[in-house]
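Student: Those protein sequences? They're chains A and B, same order as listed.
In this text, residue positions in the first sequence follow this note's numbering: the first is 256, and each later residue adds one.
In this text, residue positions in the second sequence follow this note's numbering: the first is 256, and each later residue adds one.
Treat the hints as calculated values from the structure; they're not laboratory data.
Among the clues, some could well be false.
Copies of the same chain look alike in the list, so a pair counts if it works inside one copy or between any two.
Using 30 Å as the maximum straight-line C-alpha spacing, the simulated DSSO-like pairs for lysine-lysine come out as follows [as the list claims (entries may be wrong)]:
{"id": "1", "residue 1": "449", "residue 2": "306"}
{"id": "2", "residue 1": "293", "residue 2": "383"}
{"id": "3", "residue 1": "399", "residue 2": "293"}
{"id": "4", "residue 1": "399", "residue 2": "321"}
Each chain is listed here by its residues.
There are 2 protein chains.
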Amino acid sequence: MRYELYYWPEIQGRGEFVRLALEEAAADYVDVARTSSKGMSALVRLLDDSKVNTPPFAPPFLRAGKLIIGQTANILFFLGGQHRLAPRTEAGRLWTHQLQLTMADFLVEIHDTHHPIGSGLYYEDQRKEAQRRAADFLQSRAPKFLGYFDDVLTRNASGYLVGARLTYADLSLFQIIDGLRYAFPKAMRRLERKRQRLTTLHARVAGRPRIAAYLASERRIPFNTQGIFRHYKELDE
Amino acid sequence: MRYELYYWPEIQGRGEFVRLALEEAAADYVDVARTSSKGMSALVRLLDDSKVNTPPFAPPFLRAGKLIIGQTANILFFLGGQHRLAPRTEAGRLWTHQLQLTMADFLVEIHDTHHPIGSGLYYEDQRKEAQRRAADFLQSRAPKFLGYFDDVLTRNASGYLVGARLTYADLSLFQIIDGLRYAFPKAMRRLERKRQRLTTLHARVAGRPRIAAYLASERRIPFNTQGIFRHYKELDE
């Protein structure tokens, strides 16, 4: 079975967390909206299709046979079970998912550094508020979240977040660190200094053969100022 | 086995979504931090306990035997399986969880109407930004989310969100509608007018014997301006 991933074709965004899992699993998938303009129409059509019983609120969503699965963390929960990217025990699956949901919370706060007033408004129309929010984020929130994940790595001797093997949570943490380095290069140098386990985890994931091949390929969309992680010099203080 | 729920004792907050599920299931549970000041210390101690292998990032978390489960949607996923508050099929469990995660996204946006700059700052220090954000929320975001859930109810003939029976997603949607009515009474009258299925769902959940008994009891903490749903007259336009 070939998976169909539906996500915006121009950004990494939330879809990237799913792409990383599919790539690490060497799963057979097509990134529908990136294949052609027809693919993009198919995405929009599916969002509006009144015959779908389980309509997604927003991309990304994954078609897996008869299933249409929405919500990034939910898709990863499903893929984790299919491709051994999560433990098999109930306790292990819940814990991996819990970490993923905490990253989802973190991601909203990262996004809102440049869009504190409204996701439908331009950055330029909320720049002043963004400066206040980004300052608070870098001073209070980023240290709290990054400290938490560093702490989880400290409690688990393997260097991975969960158990002895890589899970989708490690792939997602890699992506968050990678994105934060792009968005806030100056602040991240400071933030990683005392949290070397994060730096090591990032390098370890980036060095996995399938991930390394993916990152070097054209399938990896470069970071840009349309996505969740955005670099605006004035916010990186 | 008696569940232990750990959550802040003064607010409904995210803990309320778990409380509603436990109440509907008539589960044996103790709301630890509300029992005594010792309970509150136990919550704080558990958050900081370096011997816990699966530390929660924040309350709520649930102790179920040896498991400590964090993240509201993750707790509900677990309880749904234990107490038949979700379908048994994989497709049904994923769909119910997907709806819950969309409500989690909605909840962050509801919270941020009064805290657009920083959750650690006072409302009074971000009142101006809150007015801009709340206006955008009521004009664009609340209609989009409420319209989505109304649409899901339209596609499912039972009057519940998923299948033929009540799930934890219905309990959570009840809570969101209830909270929005408290926070934005004026706007909600307008928003519910064309979305009668939401009004009906709310009444149906409120009328279930165990939920009705719970809402009338002292276990239900009243809404207040410390929680996620807050009523500030100037934001309700």
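Student: It remains to establish, for every hint, whether it holds in the given structure.
Tutor: Structure-based check of each hint:
1. In the homo-oligomer, the alpha carbons of residue 449 and residue 306 lie at most 30 Å apart only across protomers (22 Å), although the nearest pairing inside one protomer, at 52 Å, exceeds that limit.
2. In the homo-oligomer, the alpha carbons of residue 293 and residue 383 never lie at most 30 Å apart, since the shortest distance is 39 Å inside one protomer and 44 Å across protomers.
3. In this assembly of identical chains, residue 399 and residue 293 lie within 30 Å of each other by CA distance solely across copies; the values are 26 Å between and 43 Å within a copy.
4. Taking the shortest Cα distances, residue 399 and residue 321 sit within 30 Å of each other only across copies (26 Å), while inside one copy they are farther apart (40 Å).
The structure fails to meet hint 2 from the earlier list, while all remaining hints are met.
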